[in-house]
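Chains A and B, in that order, are what the protein sequence lines are. Position one of the first sequence corresponds to residue 1 (my numbering), numbered consecutively onward. Position one of the second sequence corresponds to residue 1 (my numbering), numbered consecutively onward.
Incorrect hints may appear among the rest.
[Claimed, not checked] With a cut-off of at most 25 Å between alpha-carbon atoms, the simulated DSS-like pairs for lysine-lysine come out as follows:
#	chain 1	residue 1	chain 2	residue 2
1	A	Lys16	B	Lys13
2	A	Lys251	B	Lys38
3	B	Lys72	A	Lys232
4	A	Lys197	A	Lys211
5	A	Lys227	B	Lys38
6	A	Lys16	A	Lys4
7	A	Lys12	A	Lys52
8	B	Lys13	A	Lys4
9	A	Lys8	B	Lys38
10	A	Lys12	B	Lys13
11	A	Lys232	B	Lys38
12	B	Lys72	A	Lys8
13	B	Lys72	A	Lys16
14	A	Lys52	A	Lys227
15	A	Lys12	B	Lys72
16	A	Lys227	B	Lys72
[Unchecked claim] Where chain A lies over chain B, by a calculated footprint (3+ residues, C-beta under 8 Å):
#	region
17	2 to 9
18	19 to 30
19	51 to 58
Hints are computed from structural coordinates only; laboratory data are not their basis. Quantities reported herein were computed from a predicted structural model and do not represent experimental measurements. Virtual Cβ for every residue (Gly too), placed ideally from N, Cα, C.
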Amino acid sequence: MDIKDIIKPENKVYGKTPLLTDAVMHYCPGCTHGVVHKIIAEVIEEMGIQDKTIGISPVGCAVLAYNYLDIDWEQAAHGRAPALATATKRLNPDKYVFTYQGDGDLASIGAGEVMHACNRGENIVIIFINNAIYGMTGGQMAPTTLLGQVTATTPYGRNAELNGYPLKITELLAQLDGTCYVTRQSAQTPAAVRKTKKAIRKAFENSMMNKGTSFVEVVGTCNSGWKLSPVKANKWMEENMFPFYPLGDMKDR
Amino acid sequence: MAVKGAITVDTEKCKGCSVCIANCPTQTIALSLEVNGKGYNYAYMANPDNCTGCTNCATVCPDAVITVYRVKI
Numbered sequence: 001m002d003i004k005d006i007i008k009p010e011n012k013v014y015g016k017t018p019l020l021t022d023a024v025m026h027y028c029p030g031c032t033h034g035v036v037h038k039i040i041a042e043v044i045e046e047m048g049i050q051d052k053t054i055g056i057s058p059v060g061c062a063v064l065a066y067n068y069l070d071i072d073w074e075q076a077a078h079g080r081a082p083a084l085a086t087a088t089k090r091l092n093p094d095k096y097v098f099t100y101q102g103d104g105d106l107a108s109i110g111a112g113e114v115m116h117a118c119n120r121g122e123n124i125v126i127i128f129i130n131n132a133i134y135g136m137t138g139g140q141m142a143p144t145t146l147l148g149q150v151t152a153t154t155p156y157g158r159n160a161e162l163n164g165y166p167l168k169i170t171e172l173l174a175q176l177d178g179t180c181y182v183t184r185q186s187a188q189t190p191a192a193v194r195k196t197k198k199a200i201r202k203a204f205e206n207s208m209m210n211k212g213t214s215f216v217e218v219v220g221t222c223n224s225g226w227k228l229s230p231v232k233a234n235k236w237m238e239e240n241m242f243p244f245y246p247l248g249d250m251k252d253r
Numbered sequence: 001m002a003v004k005g006a007i008t009v010d011t012e013k014c015k016g017c018s019v020c021i022a023n024c025p026t027q028t029i030a031l032s033l034e035v036n037g038k039g040y041n042y043a044y045m046a047n048p049d050n051c052t053g054c055t056n057c058a059t060v061c062p063d064a065v066i067t068v069y070r071v072k073i
């Protein structure tokens, strides 16, 4: 059979969702942000809630997320996305409100905001991309950087005596009574992408059931910051990140 | 083979990250020798006979540039 006979609109099984705009993403080749944007777009399309979703973009690489997903967006000051989401959700209880934050934004400067938003049990979704580094500013150490990991500000590897220990913020948030669903996923293989999609869909559904805050961490790569190729970065993540940040649901009620 | 697939790649938006190549179970995809407007070697169907239309490549593509087609034969 000729390829031209296969490539016809009636044979299409998978393609870009119209919720993603035609803008070329500014992310580096192989960046996990692109995959997670696509997952969120597909979930919103499947649920048919394009007109009812408000995203809060963070400070960091994902600050320009509003260029790529065709929904309503707000842009928060560094780390303050959960505070903005609290106000947005309280004023618009019929909207699906989610924040999209990296580890430099959520686990460092925004640790206070996320802790209290989760403790109050705001009915929002928090999507947390953990790549263990500050990607946008040039690969400096983040609170989530692994011990021994080389970054621009820890050229000899992270040292616990000097730099402290990596922060498992997702485990911390699972202890709070306000959270209803806390999970850690990844997005480097088709199976992992499908699991993450299921988790994000569940989180969006939770936000309308007044159960509390849903928190989805996605362990990702920063191949530019880690100084690896995209494929090698995925492998490095599986070998080094997953033992310290084990995947799976921490809380589901 | 019961199914046959094919992919199209938006070559101008492809950044040549190779994640699709690593996740293709049938070694269908490779990076082209030519580059696109941004200077990236984009992905293309190097072995079109192998493709089963499993959608693995498009699922992991960070830039959503791959469209997958499948027919039963």
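Verification of the supplied hints:
Under the criterion of a C-alpha separation no larger than 25 Å, the hint pairing Lys16 (chain A) with Lys13 (chain B) is consistent with the structure, at around 12 Å. Taking the CA atoms of Lys251 (chain A) and Lys38 (chain B), the gap is near 44 Å; set against the 25 Å cutoff, the hint is violated. About 35 Å separates the Cα atoms of Lys72 (chain B) and Lys232 (chain A), which puts this hinted pair outside 25 Å; it is violated. Between Lys197 (chain A) and Lys211 (chain A) the CA atoms are separated by roughly 20 Å; this keeps the pair inside 25 Å, and the hint holds.
Between Lys227 (chain A) and Lys38 (chain B) the CA atoms are separated by roughly 21 Å; this keeps the pair inside 25 Å, and the hint holds. Using a Cα cut-off of 25 Å, the hinted pair Lys16 (chain A) and Lys4 (chain A) holds, with the two alpha carbons roughly 20 Å apart. Between Lys12 (chain A) and Lys52 (chain A), the direct Cα distance comes to roughly 28 Å. Violation of the 25 Å bound is thereby established for this hinted pair. Under the criterion of a C-alpha separation no larger than 25 Å, the hint pairing Lys13 (chain B) with Lys4 (chain A) is consistent with the structure, at around 22 Å.
Of the pairs offered as hints, the one joining Lys8 (chain A) and Lys38 (chain B) is violated, with about 28 Å between alpha carbons and a cut-off of 25 Å exceeded. Restraint check: the Cα-Cα separation between Lys12 (chain A) and Lys13 (chain B) comes to about 20 Å, which is no more than 25 Å; the hinted pair holds. At most 25 Å may separate the alpha-carbon atoms for a hinted pair to count; Lys232 (chain A) and Lys38 (chain B) meet this at roughly 22 Å. The suggested pairing of Lys72 (chain B) with Lys8 (chain A) holds, with an alpha-carbon distance near 13 Å, which does not exceed 25 Å.
Between Lys72 (chain B) and Lys16 (chain A) the alpha-carbon distance is near 22 Å, which keeps this suggested pair within the 25 Å criterion. A threshold of 25 Å between alpha carbons decides the hint, and for Lys52 (chain A) with Lys227 (chain A) the separation of about 39 Å lies outside it, so the pair is violated. The hinted pair formed by Lys12 (chain A) and Lys72 (chain B) meets the criterion: a straight-line CA distance of about 12 Å does not exceed 25 Å. With a C-alpha separation of about 43 Å, the suggested pair Lys227 (chain A) and Lys72 (chain B) falls outside the 25 Å cut-off, and the hint is violated.
Three residues within the 8 Å Cβ limit are the bar, and the region 2 to 9 of chain B against chain A gives 4, so the coverage statement holds. Only residues whose C-beta sits within less than 8 Å of a C-beta in chain A count toward coverage, and the region 19 to 30 of chain B has 4 of them, enough to reach three; the restraint holds. For a cut-off of 8 Å, the count of residues in the region 51 to 58 of chain B with a CB near a CB of chain A stands at 4, and the three-residue condition holds.
Going down the numbered hints, you'll see the structure goes against 2, 3, 7, 9, 14, 16, while the others check out.
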